[in-house]
Amino acid sequence: MSNPMRFVAAIAAIVVVGVALLIGINLGTGSSSVGGPAGSSPSPAPTPSAPPPSPSPQPSPTAGTATWTTYTSIRYGFSIGHPSDWTERPATSTWALPVGNGSAGAGGPGDPMGTSTDGYIAPGQAILVSAWSVAVKPGTTAAAWIQSYCPKATTPCTGIPSRTVAVSMDGHAGSLVRFGDDVEAFALVKNRMYIVAEWRADNDPTTLPYGSGTQLVEDFLSTMHLLPGGPAPSASPRPS
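Every letter in the sequence shown is one number past the one before it in this note's numbering, and letter 191, counting from 1, is 195.
No lab work stands behind these hints, which were simulated from the structure alone. It cannot be assumed that every hint is accurate.
Quick list of in silico lysine-lysine cross-link-like pairs, BS3-like style, CA-CA up to 25 Å [claimed, not checked]: (1) Lys194 x Lys156; (2) Lys141 x Lys156; (3) Lys141 x Lys194.
The following label-pair restraints were derived from C-beta to C-beta distances [unchecked claim]: (4) Ala177 x Pro232: 15 to 25 Å; (5) Gly233 x Gly184: 29 to 39 Å; (6) Lys141 x Gly68: 28 to 38 Å; (7) Asn207 x Pro142: 31 to 41 Å; (8) Pro160 x Gly68: 10 to 20 Å; (9) Gln219 x His176: 12 to 22 Å; (10) Gly234 x Thr145: 30 to 40 Å; (11) Asn195 x His229: 15 to 25 Å; (12) Thr73 x Thr210: 13 to 23 Å; (13) Lys141 x Thr162: 31 to 41 Å; (14) Ala70 x Pro155: 22 to 32 Å; (15) Lys141 x Cys161: 26 to 36 Å; (16) Gly175 x Ile78: 15 to 25 Å.
Cβ coordinates follow ideal geometry from the N, Cα and C atoms, glycine included.
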């Protein structure tokens, strides 16, 4: 074989070997693409999940009775709060349930609006709230006492259960009754009745700044606490 022919044969052999090598590479990797299989594109970066929404802010509690002034009644054995701009009128005598079926005389010892009960008076004397307590004959139920008290102090005295809602006074169960011209709450504790009364109709315009007559009495009750020693011994009337 002449030299030129040998040169051509060598070139051909080199080409054949190079093609074989290229074919082997493609067969071994399955693709000459970088970073993934043929025809694939890089996976997108994961999108960070959005943080959970913040909870809606809760309304701040109102001051309510927190700014009220506390009054302690030694005579009747409790402490009670009242709006700070109200006037205190301490009792000057001890209340007793009136005898007989007649109404309590104005200003007398059986008048629950008189000075035998502790009074708290709104500015301009728009509202009077009275609070007091009285000994009750052992065995008397709260319902029976309220029924005997009603005709001597307020009206109407029929259908009282239908106008009564349950309330609490210093952890003791009580009853709030909406009468015609007033709202009163009663709690019988150890043979003693504790009473808080607001002497306006439940929906009277003067009570609207405080929510209603019912709301006002409930607010007074929420501040009420019994004194450990009870009422002053000299101030305890005979059981009614």
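Taking the beta carbons of Lys141 and Gly68, is their distance inside 28 to 38 Å?
-> 37 Å, holds
Whether the CB-CB distance between Lys141 and Cys161 falls inside 26 to 36 Å = Because 20 Å falls outside the window, the suggested range is violated.
Could you grab the alpha-carbon distance between Lys141 and Lys194 and see if it respects the 25 Å cut-off?
-> 10 Å, holds
Holds or violated: 29 to 39 Å for the Cβ distance of Gly233 and Gly184?
-> 37 Å, holds
Supplied distance hint 30 to 40 Å, evaluated on CB atoms of Gly234 and Thr145 | 21 Å, violated
Lying within 15 to 25 Å: is that true of the beta-carbon distance Asn195 to His229?
-> Holds - the Cβ-Cβ distance for Asn195 and His229, about 19 Å, lies within 15 to 25 Å.
Satisfaction of hint between Lys156 and Lys141, Cα-Cα up to 25 Å | 18 Å, holds
Can you let me know if the beta-carbon spacing of Thr73 and Thr210 is within 13 to 23 Å?
-> Once the Cβ atoms are compared, 20 Å apart, the range 13 to 23 Å for Thr210 and Thr73 holds.
Is the hinted range of 15 to 25 Å satisfied by the C-beta distance from Gly175 to Ile78?
-> Since Gly175 and Ile78 have Cβ atoms about 21 Å apart, the given range 15 to 25 Å holds.
Cβ-Cβ distance between Asn207 and Pro142: within 31 to 41 Å?
-> Since Asn207 and Pro142 have Cβ atoms about 38 Å apart, the given range 31 to 41 Å holds.
Could one say that the CB atoms of Ala70 and Pro155 fall in the range 22 to 32 Å?
-> Once the Cβ atoms are compared, 38 Å apart, the range 22 to 32 Å for Pro155 and Ala70 is violated.
Distance restraint evaluation - Gln219, His176, Cβ atoms, bounds 12 to 22 Å = With Cβ atoms ~20 Å apart, the hint holds.
Checked against the numbered hints given earlier, this structure breaks hints 8, 10, 13, 14 and 15; the rest are met.
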